[in-house]
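Visitor: For the sequence shown, the residue numbers in numbering that gives the first Met the number 0 are 0 to 530.
Each hint should be verified, as a subset may be incorrect.
To be verified - Pairs of lysine-lysine, DSS-like flavour, derived with a Cα cap of 30 Å: (1) K24 with K229; (2) K24 with K10; (3) K99 with K272.
Stated by the list, open to error - Each pair of labels, with its calculated beta carbon distance range: (4) I518 with A304: 27 to 33 Å; (5) K353 with A12: 45 to 51 Å; (6) R38 with K237: 35 to 41 Å; (7) N198 with K55: 22 to 28 Å.
The hints are simulated quantities; they were obtained by calculation from the structure and are not laboratory data.
The C-beta atom is built at its ideal place from N, Cα and C for all residues, glycine as well.
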Amino acid sequence: MHQSTKWVQRKPAQDYLPWDSIQDKLAAIRGVQLDEWLRPSFLSLHNPTELDNIEKVADRILKAIRDNEKIVVSFDPDTDGICSAVMLIRYLNMFTDNIKYTYHQRSEGHGISNQNVPSGTELLIICDSSTNEADECKRLKESGLDITILDHHLQERENPYALIVNPQICDYPNKELSGSGVVWKLLQIMDNYLGYYNNQFIDLAGIGLYADVMSMGVQENRYLVFNALKNISNPAIKALLKELRVSSINSQTIGYQIAPIVNASARLGQIEKVIEALLTDDPVVINSSAKELIKLNEHRKKLEAEVFDSIKPKILSFSKIAVFVGDEIPKGFNGLIATKICNHFGTVSLVLTKHDNYLNGSGRSIGDIKFKSIIQESGLAKFVLGHEGAFGISIHERKFEKLLDYLEQNIEYKEQQILYDLELSLDEISYDFIKDVNEFDYLAGKNAETCKFLIRNVPVWEVKYIGQGDTLKITSNDIDLLKFRMNEKIALTKGDQIDVIGSLNINKYYNFGLKRNIITKQMFIEDIRMC
0 MHQSTKWVQR KPAQDYLPWD SIQDKLAAIR GVQLDEWLRP SFLSLHNPTE
50 LDNIEKVADR ILKAIRDNEK IVVSFDPDTD GICSAVMLIR YLNMFTDNIK
100 YTYHQRSEGH GISNQNVPSG TELLIICDSS TNEADECKRL KESGLDITIL
150 DHHLQERENP YALIVNPQIC DYPNKELSGS GVVWKLLQIM DNYLGYYNNQ
200 FIDLAGIGLY ADVMSMGVQE NRYLVFNALK NISNPAIKAL LKELRVSSIN
250 SQTIGYQIAP IVNASARLGQ IEKVIEALLT DDPVVINSSA KELIKLNEHR
300 KKLEAEVFDS IKPKILSFSK IAVFVGDEIP KGFNGLIATK ICNHFGTVSL
350 VLTKHDNYLN GSGRSIGDIK FKSIIQESGL AKFVLGHEGA FGISIHERKF
400 EKLLDYLEQN IEYKEQQILY DLELSLDEIS YDFIKDVNEF DYLAGKNAET
450 CKFLIRNVPV WEVKYIGQGD TLKITSNDID LLKFRMNEKI ALTKGDQIDV
500 IGSLNINKYY NFGLKRNIIT KQMFIEDIRM C
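With the hints as extra help, turn the sequences into a complete structure.
Guide: Spelled out as structure tokens, the structure:
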């Protein structure tokens, strides 16, 4: 069910003048203070003591260091969880040799129920997970160890068996802080006793936070991601960027390059490889690991495309939801395939596998549809855990048809809109103009969407399909316009005129034939119409 898309210009939050700079115009349209937007201040950081239990957790960890207790760190098998654990382990390794970590592969699910906590553990620190795992925490607590949880997921049941630090269950102002952000706030408290080391790990805090799709409209988050990008210090992250030949970075570098590589090893059942790479300082291991992790991600992309193509004929597409039920999808890939189904059919999606009369898997949403909440309100699922637009689900097979009926009745799609900031002509788009726009978009993300522009009557000089044949490239004047993930080709020839909405970019690459660097203007097309 592909929705018709309406093009709507953003209503400016503040007035601006025609001769204002492009950055001043964009700041007025978005309703932000320009200097704070471009250069977030440390004054935007909230006091970490506003997080309930954080000082108690710091005291418990300090006691463990002082008494040389056996500390074990557990974590959620995604980028946020991995960054959280690596930050904490690297920090604590400066003060104790008695720290280990335990993990499970992403295919084995989330939480601590599937992890082997080493015998003799005295303090278990769980990152980015387990706020709701009361039963498992009770069992572990009764075995004689203390449990602390550093998490950000919504609490759906009481868990009195652990000391929990979680912005969702206290009055902390920033509800969009991720697990890695919570760990970094803990390090701020620890620094009061151990010295000032937390800023050595701000790169991992920002990477984990952005990878978990937290709001970039929140100034505290912008500060963390801004300083992460300006202070990449983890040797493995530096090696990845070097191997990828990334010359300049912004928030999109995390979303489209770093996070997928970190996640790929977890999805492919080799999470230990990325953990070991992020924890080591051995340059030989780091360089070889960077190459291997990039290869794993390329394999992940190839496998993802093959799996989607193979299951596509079996996907059940209803008016408001698309569903796949089967065992053809590799463990760890449910969420990726659910996202591809959303993009292909333009609806919310479920990807499920049958096990012991239950259908278990992942759900993904589109737009602002509160898919997780709608399923919870039905009362039909055994559990629905995760975020509003990306979650895990389990439901008895007898109740599944009722759930589909419920979803068809209760999901409401609004007319899809593409918001654009300004209308431009092609001759307004200079290299300096694009640089200014890109600086404004340096921290683009959730609630701080990349600036988009409408250009009318664009003359088509050349048309070709590149990559795997699903990327449309249009050349006009001195700018290339690209539309990615084309499900079907459009009838477009030289001499046509088009209206487009998209974002602006400068493309830099080395031309080996000409033996020099090439710089071109680009627009990434969001939508296209024939004139």
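Visitor: All the hints need checking, so say for each whether the structure fits it.
Guide: So, going through the hints one by one against the coordinates:
1. For the given pair, K24 sits about 26 Å from K229 by alpha-carbon distance, which is consistent with the 30 Å threshold.
2. For the suggested pair K24 and K10, the alpha carbons sit about 12 Å apart, so the restraint of at most 30 Å is met.
3. Restraint check: the Cα-Cα separation between K99 and K272 comes to about 16 Å, which is no more than 30 Å; the hinted pair holds.
4. A hinted range of 27 to 33 Å for the beta carbons of I518 and A304 is consistent with their spacing of about 31 Å.
5. Checked against the hint of 45 to 51 Å, the pair K353 and A12 passes, with Cβ atoms roughly 50 Å apart.
6. Checked against the hint of 35 to 41 Å, the C-beta distance between R38 and K237 comes to roughly 23 Å, which is inconsistent with it.
7. A beta carbon spacing of about 24 Å between N198 and K55 agrees with the range 22 to 28 Å that was offered as a hint.
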